[in-house]
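Visitor: Okay, here's what each chain looks like letter by letter:
Number of protein chains: 2
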Amino acid sequence: MVDSSVDSSSMNPQKNLVVALVQMSCGAIPQANLNDALAKVEEAARRGAKVICLPELFRSQYFCQREDSAWFDLAESVPGPSTEALSKVAKQHNVVIMVPIFERRTAGLYHNSVVVLDGDGSIAGLYRKMHVPDDPGYYEKFYFTPGDTGFRAISTSVGKLGVLICWDQWYPEAARLTTLHGADVLFYPTAIGWHPSEKAQEGETQRSAWQTIQRSHAIANGVFVAAVNRVGHEKPAEGGDGIEFWGSSFICDPLGVVLAEASTDQEEILVAEVNLSRVEDIRRNWPFLRDRRVDAYAGLTKRFFDEDFKL
Amino acid sequence: MVDSSVDSSSMNPQKNLVVALVQMSCGAIPQANLNDALAKVEEAARRGAKVICLPELFRSQYFCQREDSAWFDLAESVPGPSTEALSKVAKQHNVVIMVPIFERRTAGLYHNSVVVLDGDGSIAGLYRKMHVPDDPGYYEKFYFTPGDTGFRAISTSVGKLGVLICWDQWYPEAARLTTLHGADVLFYPTAIGWHPSEKAQEGETQRSAWQTIQRSHAIANGVFVAAVNRVGHEKPAEGGDGIEFWGSSFICDPLGVVLAEASTDQEEILVAEVNLSRVEDIRRNWPFLRDRRVDAYAGLTKRFFDEDFKL
Chain W
55 MVDSSVDSSS MNPQKNLVVA LVQMSCGAIP QANLNDALAK VEEAARRGAK
105 VICLPELFRS QYFCQREDSA WFDLAESVPG PSTEALSKVA KQHNVVIMVP
155 IFERRTAGLY HNSVVVLDGD GSIAGLYRKM HVPDDPGYYE KFYFTPGDTG
205 FRAISTSVGK LGVLICWDQW YPEAARLTTL HGADVLFYPT AIGWHPSEKA
255 QEGETQRSAW QTIQRSHAIA NGVFVAAVNR VGHEKPAEGG DGIEFWGSSF
305 ICDPLGVVLA EASTDQEEIL VAEVNLSRVE DIRRNWPFLR DRRVDAYAGL
355 TKRFFDEDFK L
Chain D
55 MVDSSVDSSS MNPQKNLVVA LVQMSCGAIP QANLNDALAK VEEAARRGAK
105 VICLPELFRS QYFCQREDSA WFDLAESVPG PSTEALSKVA KQHNVVIMVP
155 IFERRTAGLY HNSVVVLDGD GSIAGLYRKM HVPDDPGYYE KFYFTPGDTG
205 FRAISTSVGK LGVLICWDQW YPEAARLTTL HGADVLFYPT AIGWHPSEKA
255 QEGETQRSAW QTIQRSHAIA NGVFVAAVNR VGHEKPAEGG DGIEFWGSSF
305 ICDPLGVVLA EASTDQEEIL VAEVNLSRVE DIRRNWPFLR DRRVDAYAGL
355 TKRFFDEDFK L
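Note that the protein sequences, when read in sequence, are chains W and D.
Residue 55 is where the first sequence starts when you use my numbering, and the numbers rise one by one after that.
Residue 55 is where the second sequence starts when you use my numbering, and the numbers rise one by one after that.
Bound conformation, chain W alone:
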């Protein structure tokens, strides 16, 4: 599914691309969330967007707040209900859509994935979340097998696009590898929020770290970054404080300058025009890719240099 193509940044030096991020809240009924997403994608297309990205697992509330095998009922195949519905919109409006899904690959094998739909409604590519978290309230390792797609730049009618998912955003390795595959824009559909008990003291530090690490991927790699998060306070039916998803979807340029940023608590369709020729311009002036010490990076495949420690 990763087609070969030429580098869009060098071939389309003046190419502008209108990107939309759908910052939405998600309710208890999957079909209602899907309908809401369809309407918002259509609105984004009417506003001129050519690439539209939905937030991680948008078709449901964030069920990973607890471990319950009943939630596997939410999983869907590729193609499946979400991709089929959104494929029609993609084709109708000739837009690329990034569709995060809870993917059922077979019985007992599930992934946290994104399907990239091209402007003709076809599936341009699939990415399965490579880094899967597991923290109090984010019990993803119970639900999702770590991805085996590797890191990809997916060829679409508007260029090569990278997509990574939430926890991936903390890993410079993921951004770098996606860039080395030729992506000019990295998308990060996300579901991240505050534990209410931590919000007052730690909330702004956490949100700032989240934005900082993603801006840093733009800077290190000379790419645009577009992160889209959900909003809303989701409380599990069985009790608990739940999670206040912090929104703050944003798009930044290859110098890390934020071009557009959404609120922490409102549904919004964030639209920004990005000039892909900036990738070429900025990498000429900040030639980080030129000087990578690929001869000295083999240790990145190690967990830790235990041999440095006599135990």
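Hints in this document: simulated from the structure, not taken from any laboratory.
Be aware that a few hints might be false.
For identical chains, the list gives no copy identity; a pair is met inside one copy or between any two copies.
Stated by the list, open to error - Subject to a maximum C-alpha distance of 25 Å in a straight line, what follows is the list of computed SDA-like cross-link-like pairs (lysine to any residue):
id	residue 1	residue 2
1	Lys142	Pro200
2	Lys253	Ile336
3	Lys142	Arg120
4	Lys356	Asp345
5	Lys356	Gly204
6	Lys69	Lys356
7	Lys69	His287
8	Lys253	Ser331
9	Lys253	Ala314
10	Lys253	Asp349
11	Lys69	Glu361
Remember, it's a predicted structure, so these values are computed and weren't measured experimentally.
With chain W held as given, fit chain D onto it using these hints.
Guide: Structure of chain D alone, referenced to chain W:
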């Protein structure tokens, strides 16, 4: 020179470490700069610092603004004048000192290096700048052979410390590898500034990107980061606008929170106490090292995935 030792973060859970960064301007006379550095290091020691870092190539003005083989006269061996003078101060005050030097390894073989002096005055380790830039006004590839030390955590009497140099700061690979060797603090002696013609329009974006990428290394790796830059407007004798070094030395914690930050234009000794137990605490709550996909990172040793592009 990279001794084996136990992990300071786990062995010293309540260990506080006072760090000092010497933000200084550098004049035309090397011995005067060295004397100035000696006095400032002594002042930092009197203020309680246990680790003191000088800025990149502090013994001279930033000669890389042009290519002139006469400047190789500035290079010194290890041990040499800078390390011998500072070694006495290290021993006298029982402090660790990071001493950036223009290193002469043999005739025709020079490096941009840092010698780490331990509190007994001995040499604890050496690091040679791995990523060497070359941009208008920063013609470093003429002067410096790319380092062959690899990335190191240097064992000292106060723990394992990482040191990287200037251009290295744009490479997440460098920060990651140094962390995987066991460093709890990453030091970045630096010489970076504005081209006066770009300052008004691009200056703040550039300075912000510089801080952002380094804060991101703290976040991604769960380490403290301490960056020290010079100040002053250095104009080459033969003309040209020169470079306005932007200071802005700072120390941030493993969440990327800036603990102390210096001005853009004044000499300062920036002192901050860092609590190394924060490395343990934060990595427990933000367990990024746990989930690295070391099985999927081999491509980081590639320059680019050319096979994705049919040329």
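Visitor: Look at each hint and say if it fits the structure.
Guide: Evaluation of the provided hints:
Neither within a single protomer nor between protomers do lysine 142 and proline 200 lie at most 25 Å apart by alpha-carbon distance, with minima of 29 Å and 54 Å respectively. Taking CA atoms no more than 25 Å apart as the test, lysine 253 paired with isoleucine 336 passes between copies only; the shortest distance there is 16 Å, against 37 Å inside one copy. Taking the closest pair of Cα atoms, lysine 142 and arginine 120 never come within 25 Å of each other, the shortest separation being 34 Å inside a single copy and 59 Å across copies. Proximity of lysine 356 and aspartate 345 under a CA criterion of 25 Å is satisfied in both settings, with 22 Å inside one chain copy and 12 Å between copies.
Taking identical chains as interchangeable, the C-alpha atoms of lysine 356 and glycine 204 lie at most 25 Å apart whether they share a chain (17 Å) or sit on different chains (15 Å). Taking the shortest Cα distances, lysine 69 and lysine 356 never come within 25 Å of each other, neither inside one copy (39 Å) nor across copies (28 Å). Taking the shortest alpha-carbon separations for lysine 69 and histidine 287, neither the intra-copy value of 39 Å nor the inter-copy value of 38 Å comes in at or below 25 Å. Within a single copy, lysine 253 and serine 331 get their C-alpha atoms only as close as 39 Å, which misses the 25 Å cut-off; across copies the closest is 22 Å, which meets it.
In this assembly of identical chains, the alpha carbons of lysine 253 and alanine 314 lie at most 25 Å apart whether taken from the same copy (24 Å) or from different copies (24 Å). In this assembly of identical chains, lysine 253 and aspartate 349 lie within 25 Å of each other by CA distance neither inside one copy nor across copies; the values are 43 Å within and 35 Å between. Within a single copy, lysine 69 and glutamate 361 get their C-alpha atoms only as close as 49 Å, which misses the 25 Å cut-off; across copies the closest is 24 Å, which meets it.
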